[in-house]
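Whole structure, please, built from the sequences with the hints as guidance.
4 protein chains.
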Amino acid sequence: MLKAAIVGATGIVGQQFLVALHHHPWFEVRQLAASERSAGKKYSQAIRDEKTGGLRWYCSEEPPSEAMDLNVVKTSELKLSECDIVFTAIEPEEAKILEPQLAQKVPVVSTASAFRYEEDTPILIPGVNSDHADLLDLQRSKRGWRGFITPIPNCTTTGLTITLKPIFDEFGVQSVLMTSMQAVSGAGRSPGVIALDIIDNVIPFIPNEEEKVQQETLKILGSFNGNSIKPADFGVSCTCTRVNVREGHTESVLVSTVKENSVEDVAKTMRGFDGGLREMGLPSAPKQMITVHDDPYRPQPRLDRDTENGMTTAVGRVRKDTVMKNGVKYLLVSHNTKMGAAAGAVLVAELLKKKDIL
Amino acid sequence: MLKAAIVGATGIVGQQFLVALHHHPWFEVRQLAASERSAGKKYSQAIRDEKTGGLRWYCSEEPPSEAMDLNVVKTSELKLSECDIVFTAIEPEEAKILEPQLAQKVPVVSTASAFRYEEDTPILIPGVNSDHADLLDLQRSKRGWRGFITPIPNCTTTGLTITLKPIFDEFGVQSVLMTSMQAVSGAGRSPGVIALDIIDNVIPFIPNEEEKVQQETLKILGSFNGNSIKPADFGVSCTCTRVNVREGHTESVLVSTVKENSVEDVAKTMRGFDGGLREMGLPSAPKQMITVHDDPYRPQPRLDRDTENGMTTAVGRVRKDTVMKNGVKYLLVSHNTKMGAAAGAVLVAELLKKKDIL
Amino acid sequence: MLKAAIVGATGIVGQQFLVALHHHPWFEVRQLAASERSAGKKYSQAIRDEKTGGLRWYCSEEPPSEAMDLNVVKTSELKLSECDIVFTAIEPEEAKILEPQLAQKVPVVSTASAFRYEEDTPILIPGVNSDHADLLDLQRSKRGWRGFITPIPNCTTTGLTITLKPIFDEFGVQSVLMTSMQAVSGAGRSPGVIALDIIDNVIPFIPNEEEKVQQETLKILGSFNGNSIKPADFGVSCTCTRVNVREGHTESVLVSTVKENSVEDVAKTMRGFDGGLREMGLPSAPKQMITVHDDPYRPQPRLDRDTENGMTTAVGRVRKDTVMKNGVKYLLVSHNTKMGAAAGAVLVAELLKKKDIL
Amino acid sequence: MLKAAIVGATGIVGQQFLVALHHHPWFEVRQLAASERSAGKKYSQAIRDEKTGGLRWYCSEEPPSEAMDLNVVKTSELKLSECDIVFTAIEPEEAKILEPQLAQKVPVVSTASAFRYEEDTPILIPGVNSDHADLLDLQRSKRGWRGFITPIPNCTTTGLTITLKPIFDEFGVQSVLMTSMQAVSGAGRSPGVIALDIIDNVIPFIPNEEEKVQQETLKILGSFNGNSIKPADFGVSCTCTRVNVREGHTESVLVSTVKENSVEDVAKTMRGFDGGLREMGLPSAPKQMITVHDDPYRPQPRLDRDTENGMTTAVGRVRKDTVMKNGVKYLLVSHNTKMGAAAGAVLVAELLKKKDIL
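Residue numbers (this note's numbering), protein chains in the order written: chain A, 1 to 358; chain B, 1001 to 1358; chain C, 2001 to 2358; chain D, 3001 to 3358.
There's no promise every hint is true.
Below 30 Å or equal to it, Euclidean Cα-Cα: the simulated DSS-like pairs (lysine-lysine) are [as the list claims (entries may be wrong)]:
#: 1; chain 1: C; residue 1: K2259; chain 2: D; residue 2: K3320
#: 2; chain 1: A; residue 1: K230; chain 2: B; residue 2: K1325
#: 3; chain 1: C; residue 1: K2051; chain 2: A; residue 2: K320
#: 4; chain 1: A; residue 1: K259; chain 2: B; residue 2: K1320
Please keep in mind that the hints were generated in silico from the structure rather than gathered at the bench. All of these numbers come straight from a predicted model, not from anything done at the bench.
Shown next, in the form of structure tokens:
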């Protein structure tokens, strides 16, 4: 068993890490770090609201009992020598400072965006760009770290890139247009999306989201030559909106491919897509990277987000587009706080372990 | 004052007609028709639930008092000789049969889709294709009717076409891509969208909606040569979804123009767009056909749908697209049950009156 | 294995029966009946929308594969001789006619209200009034039926009565005041609650609901002397409202007891309440009839409805009331379409089997 | 014109004050105070998000143009000598410190709870306890202030107390039981209710709310003998919950009266209730303090909250209760951010002006 620590353990993503690592066959959570307010308390106390006695626990799964008795410390007090991997669930500004300190001693799998756009840093989605993981060796040696930092993508990038990958490999991609209808959980809880703002409403703007998705998609689908990642070379144009949905990002996608395609072939390619995951036997990997629906009323976030524990990407309405050259359209639903966050980060850790990078 | 009748007066769109015609300076509602169940009752009784005593009144405005005392009759019992115009708010299958019967004697402004795609029938949006109204003379003579049928567009077409018009005129349009996030009121109430289906959800499919919007947009922006409408010649590709919003369709639009454009010029063109409405002095016309926002968080359906009584189209986030040639992107909010339904139909009637076609 | 039939199999409650009976150790679904529109089709076809190809399947669980190949027949065509039990999921008016026809030959467990208020008919909640089941023998002989009809309570009654039972037994009940905040699924789908009506809203009235809850509560908590049920003798006063929640009725309850009570004792009594279920070993029975929370923010419908597959009643905020004599207040959440509907009816069937009444 | 200042002007309640005082015939907003972050900026800048350019404006009404050019200062920098009244919209902890400093020089009408429970401080609802205003003279002299502090009630108290008042006067009140279904706007925006928590949910607990409502109701309905307020002497028992509604608190109320009552008389008494407001001619006063509906489906927060600009309390389902002695039940909807907040505070100021206390 590898010994894991979680930084930012009392927040919503930290809690999702606890759930994702509960009864994990390879990793065991041994240390928890959080802000000064929580440090020095047992986890069960740290998430208890003193005034009301209520629990500040935000997952639908119950809090794992093994975590409740762990002591919460400040990040600087983590015993990194007793740690094989650190999962971080903190804000980008904090990540920029803390993650390099951690990475000097131990591998860091991060949900923050702080290092996503660094040249020596891959943005990993197992099955999509597993080979990019080797860039971490270079990062390590270049930075003189014993560990490394490997961030997962923005939750809106994840489903888009997973569904693009088989199309990209089979038909080539010329351009991608995407409009997202994102769940409120994507904004976290501090302060997250206020109910007042989203009841009976759509919010047409999420700061920096479109730029992130555009840049990350090209990097993830880029080619790694052993030294660096060359981003894929096609246009990506996004409009990101927020809708009144708890979990599960919906995306309306139009892809113009290089080669001719048929709707049947695109659907078949998606259905067959595996990215080598099956044979690797990663514990958190879904059986199907992509679940393609024939029912035109699918995918729906409420019905499809939890399929395969939120690790598959649900696709539907695959159909011809008549405006773009070799245009094909579809909708997808991706679980933004499972595959798109902590559980996706655990899947990355599993890949790294399998590849002996960890 | 022109004497108006409403067919389908007890349904939600019929009620919206009553509201839109309340205190109207040019039209006066004198007759109401509805199904057999309601016929023979006063309107105030017809909309009362006998079992519970509750009112089946669905508008946020109070029921106009002048309507409450009118008798409801079957459509076949309307006194068409005492009627200058009929507004219909019925299902397409019914419209196909009833509207021609009415049109033999009196002009019909319809919210149904039954006749939208007929060659001799315009789909009017005042300010966008006011000149198409003249096609009604041909319809009249060709069909041997004393009246005519003029349908308004699908509510999702309305905002899209209004915002495309100034761009089309100024820069030419090469192609249009649109993903809609439509309000539940667009589905009416029989049965409409069930709460069970839309709470915490997005529904990715609305039967026939995408085809309607694509076809109607090209017809409305088509050119009328005095004899027939030649549809505009560009690609339109839509994805129509339903979100958890009561009123106000949001649309994410990408336009590729023929000529080069700048974001500033597109916004300016939209802001200045009037379509000749201002000088016509139509009572229901908004001061601004299009309200362009600079705040990136706008337009939002809850905040912007009611601007100018729901008759303006709110636009925001006008910005460059980098994927399409001369691409420009924006979001719009259009009030689907005001400008997109009964109030929009009343505006059409005002145009016809102003043009002496009525 | 007992052979079961479901009447009303294509509706939402019928589907919930299929889910509740999937892999059931005692019952096997062998026949399905529905309306004429569905009769003659395989179940998989009967629930398919011909126009769009979409499935009319309304449970979050996938449709049980064993049901998909069954033929759907009209109720009159069920082979009752090959049937040990019929579960009905139909409207009360229909139930009034069909259920006696079925009961002449076979036991009927019904979700309809049609027979709830008959003198010779119990309203069973296993663990609360299991002994009332013996009234079915009298019903049988009195009506000359080989089977019987046993309806489950209204879904709003269920949680209230379960939580009252231990208090009633321990402290006696003088009066009960309850305000419910009911989920939209309680209204079914035909037409159910329209999204337009409940978005950003509370509906303060549900026809006949308050009367049903008041009457059923007293009957269920009544005493059975071997011949008839004598309703409990205390006041029940309800206000039933509808809120924007999919599943899970929330109820704010105030009980005035006969004997003095303490909050601790009430909570303890609820926690210990079992009603003899544990030793009976009914497959669908929850481990805890009542789950009592200390966290003042619980119970919440979204967090607590699915506990123990929706078969437990979640209680929280047990606290003293200062207005009523021996007043104690609490809130409860009960899963209205699990314990409160089909799954609750299956639990009744399990009780009847265990008691050899079936 | 009296010169008004608003403290906490950039927050949501501060903005509601600006809206409530826009074009007010008696008061003119001349000074604005807010936190250090905003101090030194024009109001239009202070509410602009620098990063995104979006407006942090939270009312559905547009920002009053006259406010946009005012300079925002720190509270300590307000020129109190140029000010006739201060409206405060700040948190209780801050109010405890700032309001006495202000009240030394100028009258303060407060939305905070800080001083509500002080002996020398009335909680005013014009029309309900207008006579309590005279207690402010004693407060003034006792504390040696030139001004005074007069807080409005908790927003959940307001509708309850208004509807109880005519019953209390006509029939006497023995006890009151209330379950509220409160709108999310009642929690403000810092952080307010997170969408994640309330989508598809009810939250059964609002800290301290029930105690506040219980205590305030008795104080407001208490009698003032010229020296002190003697709280009313009856039991009040509340359960306060949060539902997925933007604006408008719904309350399910049961009142046991001292004298016998009939439903008709209670409804009539409510309809006729005026509290002397009509003859006072206060600009913000509703025509009807209470609007009583016969339709059993009313009141609904979305349909009824905005009646009379949110200043009336909508009541429906007035009916007999059979459990309590002389029991009568009803539901009410009260606009928590109009009559229950800033607009209600302006109404208090109008009363004080009319009574020459200001």
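**Request:** Give me the numbers of the hints this structure contradicts, sorted from smallest to largest.
**Result:** none
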